[in-house]
Amino acid sequence: MKALSKRDVYKRIFKQLAPYRAQVAATIMLALVTVAGNLWVPIIFGDVIDLVISPGNVNFSAMTEKFWLLGGVIGATCAAQWLMNVINNKITYEVVRDIRAAAFAHIQVLPLNYIDSHSYGDVVSRNIADVDQFADGLLMGFTQLFTGVLTIIGTLVLMLAINWIIALIVFFITPLSLFVARFIAKRTYSLFIDASRLRGEQTAFVEEMIDNLKVVQAFNREELNGQKFDEINQRLTKTSLKSIFYSSLTNPCTRFVNSIVYAAVALSGALTLIFPSVLPVAFSVGRLTTLLSYSNQYTKPFNEISGVVTELQNAVACAGRIFELIDEPAQQPDAKDALELESAKGDVAFEGVTFSYDPQKPLIRDLNIRAKAGQRVAIVGPTGCGKTTLINLLMRFYDPQSGSISVDGRDTRSVTRRSLRKNYGMVLQDTWLKSGTVRENIIMGAPDATDEQVVAAAKAAHAHGFIMQMEHGYDTVIGEDGGSLSQGQKQLLCITRIMLCLPPMLILDEATSSIDTRTEMRIQNAFARLMEGRTSFIVAHRLSTIKEADIILVMKDGNIIEQGTHVQLLEKRGFYFNLYNSQFAR
Amino acid sequence: MRKLLKYLKHYKIESVLAPFFKLLEAGFELIVPLIVAAIIDDGITGGRGAGYVVWMCVALVALGVVGLACSVTAQYFAAKSAVGFAKELRSDLFAKMQSLTYSQIDGIGTSRMITRMTSDVNQIQSGVNLVLRLFMRSPFIVFGAMIMAFTISATAGGIFAATIAVLCIAVFGIMLVTIPLYRRSQSDLDKVTAATRQTLVGVRVLRAFCKEDEEIAEFNKKNDGLCASQKFAGLISALMNPLTYAIVNAGTIALIYSGALQVDGGIITQGEVIALYNYMAQILVELIKLANLIITVTKSFACATRVSEVFALPREMVADGICTKKDGAPFIKFSNVSACYSGGANALTDISFTAERGQTIGVIGGTGSGKSTLVNLIPHFYKAKSGTVEIDGINVNAAGDKRLRGLCGIVPQRAVLFSGSIRENIQWGNGEASDEEILRAVECACASEVVRSKDGGLDAYVEQGGKNFSGGQRQRLTIARALVKRPQILILDDSASALDYATDARLRANLRNLDYSPTVFIVSQRTSSIRGADKILVLDEGRLVGCGTHEELLKNCGLYREIHYSQYEKKEGACQ
Numbered sequence: 001m002k003a004l005s006k007r008d009v010y011k012r013i014f015k016q017l018a019p020y021r022a023q024v025a026a027t028i029m030l031a032l033v034t035v036a037g038n039l040w041v042p043i044i045f046g047d048v049i050d051l052v053i054s055p056g057n058v059n060f061s062a063m064t065e066k067f068w069l070l071g072g073v074i075g076a077t078c079a080a081q082w083l084m085n086v087i088n089n090k091i092t093y094e095v096v097r098d099i100r101a102a103a104f105a106h107i108q109v110l111p112l113n114y115i116d117s118h119s120y121g122d123v124v125s126r127n128i129a130d131v132d133q134f135a136d137g138l139l140m141g142f143t144q145l146f147t148g149v150l151t152i153i154g155t156l157v158l159m160l161a162i163n164w165i166i167a168l169i170v171f172f173i174t175p176l177s178l179f180v181a182r183f184i185a186k187r188t189y190s191l192f193i194d195a196s197r198l199r200g201e202q203t204a205f206v207e208e209m210i211d212n213l214k215v216v217q218a219f220n221r222e223e224l225n226g227q228k229f230d231e232i233n234q235r236l237t238k239t240s241l242k243s244i245f246y247s248s249l250t251n252p253c254t255r256f257v258n259s260i261v262y263a264a265v266a267l268s269g270a271l272t273l274i275f276p277s278v279l280p281v282a283f284s285v286g287r288l289t290t291l292l293s294y295s296n297q298y299t300k301p302f303n304e305i306s307g308v309v310t311e312l313q314n315a316v317a318c319a320g321r322i323f324e325l326i327d328e329p330a331q332q333p334d335a336k337d338a339l340e341l342e343s344a345k346g347d348v349a350f351e352g353v354t355f356s357y358d359p360q361k362p363l364i365r366d367l368n369i370r371a372k373a374g375q376r377v378a379i380v381g382p383t384g385c386g387k388t389t390l391i392n393l394l395m396r397f398y399d400p401q402s403g404s405i406s407v408d409g410r411d412t413r414s415v416t417r418r419s420l421r422k423n424y425g426m427v428l429q430d431t432w433l434k435s436g437t438v439r440e441n442i443i444m445g446a447p448d449a450t451d452e453q454v455v456a457a458a459k460a461a462h463a464h465g466f467i468m469q470m471e472h473g474y475d476t477v478i479g480e481d482g483g484s485l486s487q488g489q490k491q492l493l494c495i496t497r498i499m500l501c502l503p504p505m506l507i508l509d510e511a512t513s514s515i516d517t518r519t520e521m522r523i524q525n526a527f528a529r530l531m532e533g534r535t536s537f538i539v540a541h542r543l544s545t546i547k548e549a550d551i552i553l554v555m556k557d558g559n560i561i562e563q564g565t566h567v568q569l570l571e572k573r574g575f576y577f578n579l580y581n582s583q584f585a586r
Numbered sequence: 001m002r003k004l005l006k007y008l009k010h011y012k013i014e015s016v017l018a019p020f021f022k023l024l025e026a027g028f029e030l031i032v033p034l035i036v037a038a039i040i041d042d043g044i045t046g047g048r049g050a051g052y053v054v055w056m057c058v059a060l061v062a063l064g065v066v067g068l069a070c071s072v073t074a075q076y077f078a079a080k081s082a083v084g085f086a087k088e089l090r091s092d093l094f095a096k097m098q099s100l101t102y103s104q105i106d107g108i109g110t111s112r113m114i115t116r117m118t119s120d121v122n123q124i125q126s127g128v129n130l131v132l133r134l135f136m137r138s139p140f141i142v143f144g145a146m147i148m149a150f151t152i153s154a155t156a157g158g159i160f161a162a163t164i165a166v167l168c169i170a171v172f173g174i175m176l177v178t179i180p181l182y183r184r185s186q187s188d189l190d191k192v193t194a195a196t197r198q199t200l201v202g203v204r205v206l207r208a209f210c211k212e213d214e215e216i217a218e219f220n221k222k223n224d225g226l227c228a229s230q231k232f233a234g235l236i237s238a239l240m241n242p243l244t245y246a247i248v249n250a251g252t253i254a255l256i257y258s259g260a261l262q263v264d265g266g267i268i269t270q271g272e273v274i275a276l277y278n279y280m281a282q283i284l285v286e287l288i289k290l291a292n293l294i295i296t297v298t299k300s301f302a303c304a305t306r307v308s309e310v311f312a313l314p315r316e317m318v319a320d321g322i323c324t325k326k327d328g329a330p331f332i333k334f335s336n337v338s339a340c341y342s343g344g345a346n347a348l349t350d351i352s353f354t355a356e357r358g359q360t361i362g363v364i365g366g367t368g369s370g371k372s373t374l375v376n377l378i379p380h381f382y383k384a385k386s387g388t389v390e391i392d393g394i395n396v397n398a399a400g401d402k403r404l405r406g407l408c409g410i411v412p413q414r415a416v417l418f419s420g421s422i423r424e425n426i427q428w429g430n431g432e433a434s435d436e437e438i439l440r441a442v443e444c445a446c447a448s449e450v451v452r453s454k455d456g457g458l459d460a461y462v463e464q465g466g467k468n469f470s471g472g473q474r475q476r477l478t479i480a481r482a483l484v485k486r487p488q489i490l491i492l493d494d495s496a497s498a499l500d501y502a503t504d505a506r507l508r509a510n511l512r513n514l515d516y517s518p519t520v521f522i523v524s525q526r527t528s529s530i531r532g533a534d535k536i537l538v539l540d541e542g543r544l545v546g547c548g549t550h551e552e553l554l555k556n557c558g559l560y561r562e563i564h565y566s567q568y569e570k571k572e573g574a575c576q
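Heads up: the protein sequence lines correspond to chains Y and G, in order.
All residue numbers for the first sequence refer to the working numbering, where the first residue is 1 and numbers rise by one.
All residue numbers for the second sequence refer to the working numbering, where the first residue is 1 and numbers rise by one.
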């Protein structure tokens, strides 16, 4: 996965914002109104204060006029600010929605290779946590960065207009607070890294030990673990004390710089008023009040902006991660002239197939298999021999690097993936059910099935009994990945799914591994009927279940080392013979 | 929450000093507007001159310095108590979790325990830190400003009180409305998360059934729902800033107007009006801080409640026990034992049998027949609901859990290894085991080739959970881990399922030849794994339906026969 440059990420963000051009323009206008209002209000208050001078020297009529003006400005500012916030929310959440939808749709066409080689957590966190972080950054950028910059510029201009000397004093002292904040941030950064590393270490230890608490107890490891935990805890405490303390210095320190600015404004303002002849500047007590409240306001956006900048950097990094996912090359699309594979007869052939997940580690080399329509093909061999890989290739979850796989004499790459997959019924060892009702899960392959058909299929798979025992029968909602169902029950539901849609070819990967042998025996008959006339690929550990196969492929290290019927293979006295007989070793 | 407060007890002084210094700082801040008023009234209008003004400004800076010193001290004490609090809480919580019994662990679930330990404790820590820093300061400034206003003029004080009241209503009203809205959008987000996860986990099945388009449609529905609820919540929370701004400014207008009347009447001065104006500006900032603080504290409280729930679990482990053996009693004896799942349904019903030293006991039955529960009763991992389990005539309920577990070598169903070297993993069984002893155990567990195949042999690194080993390799190492203990009772809980038949057979032969001849329990689904046992227990839905040797059971136990012949055809089973 290639990392996007920062520039690219910015470009992409602007592209995402493009449909919201009008709203962005509106929010900018509203921000201008808000900031202008915010800056105007202290000036009017300053004017008002200049009208309140001493007993008998108060201009009430002028004051009332000013109050009306104030009311108007405040009202307009509030309205503009509210509208701005609402529009910012709208832009942010809708952009985020667009990105998530795009990412999700892209996941559907990602090659399996990507999904298999990335942890689910990683992909999920890109689409959830990263996008959220991006949203926060975007929102803050809109609301705070923009208004912050405007406020700083506006304040500066107005201060210069009111009293350029005081403005310059403020202008030169304020950066001190930025400098202090930067200084503290730099010092604490490495402490934060240390603390988060230690927290990670502690979390990993806790996860490992709590997750396997039963083993811990079985081996009386509680005390040793406690000691180890306390040791990590001690180190963590020391580092986090430092990092929390140092980072919490930022606020008091910048507040201190603020108070210096405040004192400087008060001093210079007062002196200007006391010696009006020294400096030819029009000034009044009201103006001094305005400047004092500006000097409070002026430093705030600086602190906010430094926070926003960190947040934005973080947001850009997160946006980069989500765009990487969206840009990940999709699987090879179906050929333009790809045909629909109608109900297949079931002649399947592998010709000179070479495949590996990792180019460094060759797995399958020059593999040839021929299965005639209606044959039962059993695949046996030790773990890691490539059984599951064969299934990946049959279903076109992966494509071979060379050679070809054909169904009914037609290269599978010349038909659409959808139509190919519709011809296979697949039951895997890793049963998977989607969250939803039992019925929804069963009709996955045949959405139009009637209730009678569903029940009949469930009865054939011996799933009807336990389904009826559940609280709402077929309408019982099962949680993500089967929820409270046992592994065996989940497998029975997966079998029901196939029994209902009856595709022309079957793939059964350890389809009954979690079902106890008695139930298995009972559904064997149903399976036998199902397999009749259907080309079936069966992977199983239990040799008794594959003895009846038409061909047994014995695989080892990606190659087929023996093939034939059960009897033929036993006569050969080779690998299969040993495997079979080891069952009875005492 | 109150129960957790005890973790602050080593930091009593710090947790009092932190808010105290914060209060001092706030107090100094409240003096600032008074000094500004003095500068204007006495320095400028009153004509006391530049020297006076300079001194007053020096006083402003001095207040800043003292405020900084107070605040830094307060931050230090707050950080120290919060971090110390979290440290002791975590340490105790970890100890508590380690002392939970199997059924308690099942009840909470490990993923939740991990959350309690990590994010919950962190949240509480920042809650404590913030409370110590701000909980006194913000109200103090708000009410301090009000009191200062009262000292200047009673009318002004009244306006302050009214403004604060209206602000509180606005701020907390908006919070009250938005918190449930945000909670709802959080749960909408959870749905979007679940949908993303689902499409990844189920990718093979979804693609096999060509469900991509439906998945997208379903996701978009949830995604749109999330967007709508976020926007709605945003609509209301967007009111917060404009509304508070309006209220404070309205208050200021009222304040200045009444101030003007009083200045006109000669009751207060222009400088004092400015001081009132400045106090008004201070309360808004602090009130918003207070609102945010309350959100954090509410979250921390929720976390604290969850953590307290773990502490509230009763202590069920048996610390010390009797160790006087009864002579003549069978080594292990189950008498009319019943046990139940946490749900309440019976997992085992009325089980009785005995096992002698050195015997091998096979346990067989379908999924959910209670095999694991039965063997887990021996080391007292679960408690029998009725009936007794005795070892050497001592009831396991009273035998002391540590001692019992010392007797047993357990190989659990799920083969887990821990991060560290292979040696460290096997030494879990016996911390003092020499390499020679370890290798002997490894040999016996048929794991020599596993150790040999890894670079570094016993020093080879094991990743968390043993991810860099295959299922079969892990199983053999976990068997070695139990064997190095030289246990009197060895329990293999379906722990050879990933081994091929030949290795499984070799393993069983090795176990039979152990020089310390432990009593071995083998739980299995395959009759081949247990057919050589001295005694086989056949379980069906928690009941003992057969007990005897392989041959006896073939003759007189229908279920056993059925299981056996489902794995072997009749002819082959009989030819042995």
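Think of the hints as simulated: they come from the structure by calculation, not from any bench.
Each hint should be verified, as a subset may be incorrect.
[To be verified] A short, non-exhaustive set of chain G residues, derived as facing chain Y with CB atoms under 8 Å:
no. : residue
1   : K9
2   : G43
3   : F94
4   : I253
5   : W428
6   : N510
7   : L511
8   : L514
Note that CB positions come from ideal geometry on N, CA and C, so glycine has one too.
Hints, one by one, checked against the model:
The beta carbon of K9 of chain G is not positioned within 8 Å of any beta carbon in chain Y (closest approach about 16 Å), and the interface hint is therefore violated. For G43 of chain G, the suggested interface contact is upheld, since its CB lies about 5 Å from the closest CB of chain Y, less than 8 Å. At a threshold of 8 Å, the smallest CB-CB gap from F94 of chain G to chain Y is about 5 Å, leaving the interface hint in force. For I253 of chain G, the interface hint holds, the least distance from its beta-carbon to any beta-carbon of chain Y being 6 Å, beneath 8 Å.
Annotation: W428 of chain G was flagged as interfacial toward chain Y, and the flag holds, the nearest CB pair being 5 Å apart, inside 8 Å. A distance limit of 8 Å between C-beta atoms decides the matter here; for N510 of chain G the minimum to chain Y is near 13 Å, and the interface restraint is violated. Evaluation of the L511 of chain G hint against chain Y yields a violated restraint, the C-beta minimum of about 13 Å exceeding 8 Å. Checking L514 of chain G against chain Y by beta carbon gives a least distance of about 17 Å; that is not within 8 Å, so the hint is violated.
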